[in-house]
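Position chain B against the provided structure of chain A, taking the given hints into account.
Protein sequence lines correspond, in order, to chains A and B.
If you're matching positions, the first sequence starts at 1 in the UniProt record's numbering and goes up one per residue.
If you're matching positions, the second sequence starts at 1 in the UniProt record's numbering and goes up one per residue.
Hints listed in this document are in silico derivations from the structure and should not be mistaken for laboratory results.
Don't take each hint at face value.
The list treats identical chains as one, so a pair stands whether inside a single copy or across any two.
Using 25 Å as the maximum straight-line C-alpha spacing, the simulated SDA-like pairs for lysine to any residue come out as follows [claimed, not checked]: (1) Lys240 to Arg317; (2) Lys22 to Ala315; (3) Lys293 to Arg35; (4) Lys51 to Arg114; (5) Lys293 to Gln303; (6) Lys293 to Leu310; (7) Lys51 to Gln112; (8) Lys293 to Asn164; (9) Lys204 to Leu53.
Remember, it's a predicted structure, so these values are computed and weren't measured experimentally.
2 protein chains.
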Amino acid sequence: MLALQEALLHGNAVQQRRAMAKAITLLESTRTDHRAQGDELLTALLPHTGKALRLGISGVPGVGKSTFIETLGLFLIAQGHRVAVLAIDPSSSVSGGSILGDKTRMEQLSVQERAYIRPSPSSGTLGGVAEKTREAMLVCEAAGYDIVIIETVGVGQSETAVANMTDMFVLLQLPNAGDDLQAIKKGVMELADLVVINKADIDKNAATRAEAQITSSLRLLGQHGNPDHAHHNEALWHPKVVQISALLGQGVDGFWAAVAEFQRLQTANGRLATRREKQALSWMWERIDAGLKQAFRQHPQVQGLLPSTLADVAAGRLAPSTAARNLLLANTR
Amino acid sequence: MLALQEALLHGNAVQQRRAMAKAITLLESTRTDHRAQGDELLTALLPHTGKALRLGISGVPGVGKSTFIETLGLFLIAQGHRVAVLAIDPSSSVSGGSILGDKTRMEQLSVQERAYIRPSPSSGTLGGVAEKTREAMLVCEAAGYDIVIIETVGVGQSETAVANMTDMFVLLQLPNAGDDLQAIKKGVMELADLVVINKADIDKNAATRAEAQITSSLRLLGQHGNPDHAHHNEALWHPKVVQISALLGQGVDGFWAAVAEFQRLQTANGRLATRREKQALSWMWERIDAGLKQAFRQHPQVQGLLPSTLADVAAGRLAPSTAARNLLLANTR
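Here chain A stands alone, though its shape is the one from the complex:
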């Protein structure tokens, strides 16, 4: 464990890359002894984490996430940054392998020594996948990557998981009417600190209309915003909209200027620290909830009682609240 930690923190490029892969694999393992080693490693790495900018990027399939992240990654490396790209793909446990984070998608970025790309963990619940990604992010930070991008697809609940582990959540949109309605409906627009209209080159008029529409939606959402995202209501940062063309490499500098401004403000007013503290605590509670449910379902008394209880509740012979109390009692035996 000490050798791994040494290689990760102070190894040369080759040693470090190998140690990262080994550490992330260890943290992804479900074996109890691996888990204990993983926790020990994580605790040792923790003082070396937290210095990166954590950037969440989401958007529906076809919006051009890979091209955008590759263009952005190369732009950042040219400025001297080290860029890690992780992914949360909620479908990976179904398909048996991740479509996201696949290195073949980002050919130019993946060969860079200063880039690290890792596909989505491919097993378990969304909560489990998100936990592993969150831990992988800490490994990347400990290894000195100063920008960690966490990518997800704009379907399902994974956007909330990504928004809850990053400093800034970016939503990629196409210049299509109605897309913003879908994003509002799913509650994703509300999470966005920055909305990027990609492929703006294809139809400049449509992109400009979309920008106006989304700006207006963001204003409306901000006025009646979710108290959990109250930073949108407050004076300093208001979610912005920028147009880019990732394919032509246009607008990436403007995008990055907005990110830098966000980071500057959030650091200066202390909200970056507050956001991370809240994220860490809510993350802990989420894992506790998941653990309590798992232990409950594995309890022998509960397992004995569950089939007949489920049948009785489904058939209307037993009130759900009574059933819950019976099962909770069995869980304490």
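Chain B alone, transformed into the frame defined by chain A:
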């Protein structure tokens, strides 16, 4: 307990009304012995429940819910129905008393022998308030009320709770532009089986514009709907919009025709039964989750470890996932 059960099921009007109040008060009690008696009563009543139409009604303050429910209730009583009105007010635990379900709001309905109005339970979490209301609904059904209306305000998460315990969820809206956007954003529009535009008499043109706008939103939401509400996607029932003026008593017959059509379809195609079965099971799991969390927080070992763990996680000295594992371990000791 047997006397209470007898009076509830077979008493005269006065005995029954008294027994309902007594039963609901017993079910609302948090005392352990009351809880055991309540569970016994509930199980005995269960075979006599389930025959009512369960109607959820939500809308923001000012939309005219009380006037609408009073008009509807009187209309239904004139048709020979017996109508119970319950309420879930998420703010009641804060204000110390319920603003909803207050009998003074529905003066004409509350004096009817065939109507039963009960305010929101006033203590505990939303989950606890919803559980008590769900049990009160069963009491009303056992007492022979064939229409149970559960009312909630259009703020917070209570709409989901109401939609999850009713056969049909009705959203009241004003003929104002932008209101539908708020409802979409909060995910409430998506829950609606029927949208009612109230106060349509004030500005007929605005009401007609709102109807067109909401109809279009419902169609969009149906196309990309939440799989949990997949009945909206399927062929038989599509969420509808109707205009009424509760104050003038206009449109209540049209509203009721839509409800009756919904009920007829959902019964014929078996979705009413499926919906209730799903609701009962998810309700059971929700109460189990709440119970597990409560037991966890009250565990002596957890209580001993929690303060330092929270401080360490907040300060970044301990990874949230490691902290969760430590606390889960303490919970088993």
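Now the hints, each set against the structure:
In the homo-oligomer, the alpha carbons of Lys240 and Arg317 never lie at most 25 Å apart, since the shortest distance is 54 Å inside one protomer and 34 Å across protomers. Proximity of Lys22 to Ala315 under the C-alpha cut-off of 25 Å is found in neither arrangement, the shortest distances being 50 Å within a copy and 27 Å between copies. For a Cα distance limit of 25 Å, the shortest separation of Lys293 from Arg35 qualifies both inside one copy, at 19 Å, and across copies, at 24 Å. Taking CA atoms no more than 25 Å apart as the test, Lys51 paired with Arg114 passes inside one copy only; the shortest distance there is 16 Å, against 67 Å between copies.
In this homomeric assembly, Lys293 and Gln303 come within 25 Å of each other (Cα to Cα) both inside a single copy, at 13 Å, and across copies, at 19 Å. In this homomeric assembly, Lys293 and Leu310 come within 25 Å of each other (Cα to Cα) both inside a single copy, at 16 Å, and across copies, at 21 Å. For the identical chains of this complex, Lys51 and Gln112 are intra-copy neighbours only, at 21 Å inside a copy versus 67 Å across copies, given an alpha-carbon limit of 25 Å. Taking the closest pair of Cα atoms, Lys293 and Asn164 come within 25 Å of each other both inside a single copy (21 Å) and across two copies (21 Å).
Taking the closest pair of Cα atoms, Lys204 and Leu53 never come within 25 Å of each other, the shortest separation being 31 Å inside a single copy and 53 Å across copies.
Comparing the model with each numbered hint stated earlier shows that hints 1, 2, 9 do not hold.
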